[in-house]
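Trainee: Given only the sequences and the hints, what does the whole structure look like? Please build it.
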Amino acid sequence: MASPHPALWLLLASPALAAATFESAVAPVLERRCVACHGPATRNADVRLDNLSSDLLNDRRAAETWHDVLNAVNKGQMPPKGAPQLTPEERAAVVDWLTAAIRNASARRRGTGGKVVMRRLNRVEYRNTMRDLLGLDLDYTKNLPPDELSRDGFKNNGSALRMSPLQLEYYLEAARRGLRSAIVAGAPPRIVAHRATETVADKVREHWSNRLGRTGTFVARSDAFPDEGEFLIRIRARAELPGKHSPYPRMRVSLGYRADTQTPSRQVALVDVTSETAQEFAFRGRIEEFPRQSRTQSKYPGLLIWIRNAYSDGRPPPEPEEIVSESKGKKKKSYVWREDPQFPKIVVEAVDFQAPLYLRWPPEHHRRLLPETPGSPAAELSAAEAALRPFLRRAFRRPVEEADVAGALEFFAKIRPTAAGFSQAMRETLAMVLISPDFLYRVETAQGRERRLDDHALASRLSYFLWATMPDARLGALADEGKLADTETLAAEAERMLDDPRSWSFIEQFSDAWLDLEGVNRIAVNPNYYPDFDPALKADMRRETQHFFAEVLRKDLSALNLLRADFSLVNQPLAAHYGIRGPRGGSFERVSLAAAGRPGGLLSQASILLSNSTGEDSHPVERGVWVRRALLNDPPAPPPPAVPNLAGAEDTVLLPLRRQLERHRDNAACAHCHRGIDPWGIALEEYDAVGLKRERILRRDGEREALHAVDSAAILPDGHAVSGLDALLDYMLRNKSREFARALTAKLLAYALGRSLELGDDETVDALTRSFIDGGYRLRSLITMIVTSDSFRGGSG
Amino acid sequence: MTGKSWRLSRRAFLRGSGVSLALPFLECMRAESGSQTPPKRFAAVYFPYGVVARESGAAAAEWNWTPTGAGRDFRFGKSHRVFEPLRNDLTVLGGLSHPKCRKMGGHDTADTWLTAAEMKEGHLKNTVSVDQAMAMRPGSRTRYSSLVLSTDGGVGEPTRASTLSFNRDGAPVPSENKPRLVFDRFFGANPDSLAARRRQLRNSGSMLDLILDHSHSLRGRLGKLDQAKLDEYLDSVRRIEQRVERSERWLEIPKPNVDASGLSLEADDSTPAELIRTMYDLIYLAFQTDSTRVATYQLGNMNGATSIAGKFPQLLGLADNMHSLAHGARRGDAGAEPLGRWHLFLNEQLAYFLNRLKSTPEGDGSLLDRTIVFYGTSNSQTHVNENYALMLAGGRGLGIEHGRFLKFDDSMPLSNLFVTLLDKMDAPAQSFADSTGELTAVSA
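Protein sequence lines, in the order shown, are assigned to chains F and L. Each residue of the first sequence is one higher than the one before, starting from 0 at the first, in numbering that gives the first Met the number 0. Each residue of the second sequence is one higher than the one before, starting from 0 at the first, in numbering that gives the first Met the number 0.
Careful, some of the hints might be misleading.
In silico DSS-like cross-links for lysine-lysine, where the CA-CA straight-line distance does not exceed 30 Å [unchecked claim]:
no. : chain 1 : residue 1 : chain 2 : residue 2
1   : L       : K423      : F       : K80
2   : L       : K124      : L       : K177
3   : L       : K39       : F       : K80
4   : F       : K298      : L       : K254
5   : L       : K99       : L       : K423
6   : L       : K119      : L       : K406
7   : F       : K298      : F       : K329
8   : F       : K298      : L       : K177
9   : F       : K141      : L       : K102
Selected chain L positions facing chain F (in silico; Cβ < 8 Å) [what the hints assert, rightly or not]:
no. : residue
10  : G153
11  : M206
12  : L262
13  : R276
14  : T305
Computed Cβ-Cβ distance ranges for the label pairs, DEER-style [said to hold, decoys possible]:
no. : chain 1 : residue 1 : chain 2 : residue 2 : range
15  : L       : N87       : F       : P87       : 51 to 59 Å
16  : L       : P137      : F       : L269      : 40 to 48 Å
17  : F       : D700      : L       : E347      : 18 to 26 Å
18  : F       : D761      : L       : D234      : 29 to 37 Å
19  : L       : N87       : F       : R695      : 50 to 58 Å
20  : F       : K482      : L       : H122      : 30 to 38 Å
Hints are computed from structural coordinates only; laboratory data are not their basis. Backbone N, C-alpha and C fix where the C-beta goes; we use that ideal spot for every residue, glycine too.
Mentor: Here it is, written out as structure tokens:
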């Protein structure tokens, strides 16, 4: 018996059917087991179940009581000890019906009636939009609070995303900061240039060198530097590779300064150095984005560029050897670092720093925002208007209304007399535009009898769906011409956008939300169990899954590859972690898993396995919940309040987690739900917390240790027996591919619309799922179908 | 008040502060308000999931959060020994909870710890939290009305909030979780000239006026749900207008000059001890410099699935994450110790904070004497929304009596304590949420 059965859940979509199920399956059980105490004669606890309404949606008081009933049954409190107990079938009938009915009623109450709510840009969208609008890629979101997650795990859900005074203050601050960089004032600044061919030498006990191995830092110092503007760092460097297949060293470049005890800095770049003949690397950035020294503090003056070798083979850097020498009767200490000849190294030959960079003054980003430079005070108002019209069009993502322009000009005129200059007044005026609701929110008002979005709102919805940013010029022009609503045009645009590198934002945001990839950051890997684990690997794990999803999407492969594939995408550190042959550097490449001894696909990836572990051992329940939620779109009901103490006081610490949790299933009350959850996770028992295949399960408690055999045999809810990941995948491909297709379709649609799906969406999801399956599970065509669907083109109320 | 000024001599101040402070002197030595009365302050610190609460006599009960005994005659358990030297500065409260929250989900009650509201499916609206009720009191004249901190930042989601504070409309007040950001906000110097800053503030005022005016036409085009969203936005605009006004009043008074060198402002979720201490340092500095008088700090939210703080115990070498430790505490003899050790860790951090307050003289006593610290959680054992584990520290100078373990039965709503605390904080209220009166037992 499956716990809350999907069919039952669907059945409840119809109130008439729900009532019929109650009468035929649930009421008789209550009559038999409960009504004697909770009936007309004796109303124990003032609860009567003989005449309690089964309409949980409309009768809130009844719904509350039913909730209590469910909890009491789940906890095993009812029926009370000594009274005849529920049979497993009776328990299933009551628990399943109540679980589904409560979920249904609360989903409906929470629902928005299928409407998209006016949606604030989330962090990623805001950052991308500011970048495209101002023409500068700054960290606009560094101070913004994290976004609110919707119940279904999305960060682009209009109902969930909120606004607060603090948030709005940070928007204003970010707008001002961005405009201060984007719009310049005054004469062209002097360009600073500095060249270093040797590292700065220092007396402190650090290894500063041109040759970078396990230790060593190359430090270049430029005493002069501007406070703002774009910088260029050019580095001439080569690799020293110990062998033909040796991994590449990775060059990490940071920029900052030295304070008394700290060296505040921020990374500029991280790249592989692949050639043994010297190459030139060029990196750009905005100097105001990096920690800078206050000009008055002069103890350690200058801007510092640090270069290090970030490649790691898991071994710690060597301790320096102290060498004491004597000269003129004085003892002098120095240090030597013995480098491993087998370690790939970087040799830095020269570093050039130049800032600020500009070809013309004012620079291009300025000229785009302020096309006219007024020659006289009289010309300022028209110059302001010439800047505002195109800016408002792009910022509001719709045609400009005269009131928009008039309002902004009114503000300009008001503040101009006290502003330091035209540029300064325009910075403030554009900042006002950037905290307006028309910019911060996507307003998607429906038009006409068919409640369709207008072309501009449609262009926005499409653009935020596939790029997480504002529409580009082409989408804007199509909307202006009224051509975007044409189905073929819409489909062609979706194709174009998927081919554009900006679609990476979609891949990242959607896979993070659907698969909960941020989970890797919630788990602390226990070094007692995994002494060699490098926490930096967590980011690579998340990237693997994102690149894997991207490969399936961009190569238009069957989405069933997400369940099982014979390939994955890894970089050197991750390949080393898995123990497979892979790329020599930090970028991700497709590798065949034919000889890897493990199947490919989401369930074999370390991101998923680690996120659903304890950091020591696998967590079969969490893994089971993950499968139900992400792959089957059938999340189990949350555990009841006040889970009872588990019986028995014996020592369980040394048991595998699976065995510890089994005690849940010995409890009749818990067993019912856990039978529907745990088997999915138990089948993954061959994989440890960090996603590696294991033969034995190690448990430790202080000095004590225990080794256990891996047991991945599970009976799935429908009675199928599987053992191990391979068998589970066989089963899923044979029996659950439709559910998987539907889950993926539903998640994608929810992401595209920016709202949670409701019962009213079922028909759409079913139709999309059918076409998705019939078309061979191609994500690209699913996306096109979503984009051209009525749901996507319909507006809010 | 005695004739003696509460304000400290600069010398005494530097001696007690523990961080070096440079000239010019601080706001609290400036008598900005013209009042001779030293400020009254309130901090609330929350941790999720409940505590060890085993039957007395069981071996595991030595890790119980709640002391044994009663009244003045009580003994701390192992996780609370660090409070022994502070015994006369704190009171342990037993038996209290919010009656309306008792039937809420086992992990749903962090939102309502300071509000006492009932939140459930279909009705997820909260009400004002007691700290914000204090922050809004008339005559509050600090640079910032409150300091809202958490490990996770932002507001989280209803029933899994990552903030303890809710404004008068019940909307969550976003929390800060980056020490650097808090420091810059409270103590960071603005490189711009006074005139430039004044100009910018005036501009902000005009900007917000214009946006409010202009939004009427937008509102007309929106449906009902969208209007509610727009109203949330407009409400935020109005509130920053008030902040702008407040900032104008403070414009010419430089921010307190606090040396950051002793603070780990870059600490993040990979180093819990450093992070938590730094946050306590910031609350301490904010109080000491009278930059605000109200602070809240949520140490982990009850979203086991997303809280970045869940792994803190593991980073300290304990066997499991926060959530699982709390569940494990109910299992076997050995289950209680890991959770007890986690609370020992949290208690050490709190003791550090209390000791800093206590070692800073102010007027006749210490900073702690005029700071009420409310500490605890909204569970007893995990999932059980009754008999919250709670402690009250500091505030002897505000009429709180300490050195006791006070037990109440479940007819006493926790809100009664809030009514009493509001009174002590000069924000008197007839009632708070579901209160039925005052909780006079904590008063001297």
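Trainee: Would you mind marking each hint as holding or not holding in the structure?
Mentor: Hint-by-hint comparison with the structure:
1. Annotation: proposed proximity of K423 (chain L) to K80 (chain F) is violated, straight-line Cα distance about 49 Å (limit 30 Å).
2. Pair hint K124 (chain L) plus K177 (chain L) holds up; C-alpha atoms about 27 Å apart against a cutoff of 30 Å.
3. For the hint linking K39 (chain L) to K80 (chain F), the alpha-carbon distance of about 54 Å lies beyond 30 Å, and the restraint is violated.
4. For the hint pairing K298 (chain F) with K254 (chain L), the CA-to-CA distance comes to about 25 Å; that is within 30 Å, so the pair holds.
5. Restraint check for K99 (chain L) and K423 (chain L): the C-alpha separation of about 25 Å stays at or below 30 Å, so the hint holds.
6. A hinted pair counts as satisfied when its Cα atoms are at most 30 Å apart, and K119 (chain L) with K406 (chain L) qualifies at roughly 29 Å.
7. The straight-line distance between the Cα atoms of K298 (chain F) and K329 (chain F) is roughly 27 Å, inside the 30 Å bound, and the hint therefore holds.
8. Of the supplied pair hints, the one linking K298 (chain F) and K177 (chain L) holds, its CA atoms being roughly 28 Å apart against a limit of 30 Å.
9. Note on K141 (chain F) and K102 (chain L): the hinted pairing is violated, with a Cα-Cα distance of about 39 Å set against a maximum of 30 Å.
10. Taking 8 Å as the C-beta cut-off, the interface hint given for G153 (chain L) holds, the closest approach to chain F being about 4 Å.
11. Checking M206 (chain L) against chain F: minimum C-beta separation of about 4 Å stays under 8 Å; hint holds.
12. The beta carbon of L262 (chain L) is not positioned within 8 Å of any beta carbon in chain F (closest approach about 11 Å), and the interface hint is therefore violated.
13. The interface hint given for R276 (chain L) is broken, as the beta carbon of that residue sits about 17 Å from the closest beta carbon of chain F, more than 8 Å.
14. Interface restraint check for T305 (chain L): the shortest CB-CB distance to chain F comes to about 7 Å, inside 8 Å, so the restraint holds.
15. Here the CB-CB span from N87 (chain L) to P87 (chain F) is close to 58 Å, well matched to the stated 51 to 59 Å.
16. Checking the proposed 40 to 48 Å range against P137 (chain L) and L269 (chain F) shows it is violated: the Cβ atoms sit about 54 Å from each other.
17. The beta-carbon spacing between D700 (chain F) and E347 (chain L), approximately 24 Å, falls within the hinted interval of 18 to 26 Å.
18. Between D761 (chain F) and D234 (chain L) the C-beta distance comes to about 36 Å, which sits within the given range of 29 to 37 Å.
19. Remark: the range hint 50 to 58 Å for N87 (chain L) to R695 (chain F) is upheld by a beta-carbon distance near 54 Å.
20. Checked against the hint of 30 to 38 Å, the C-beta distance between K482 (chain F) and H122 (chain L) comes to roughly 46 Å, which is inconsistent with it.
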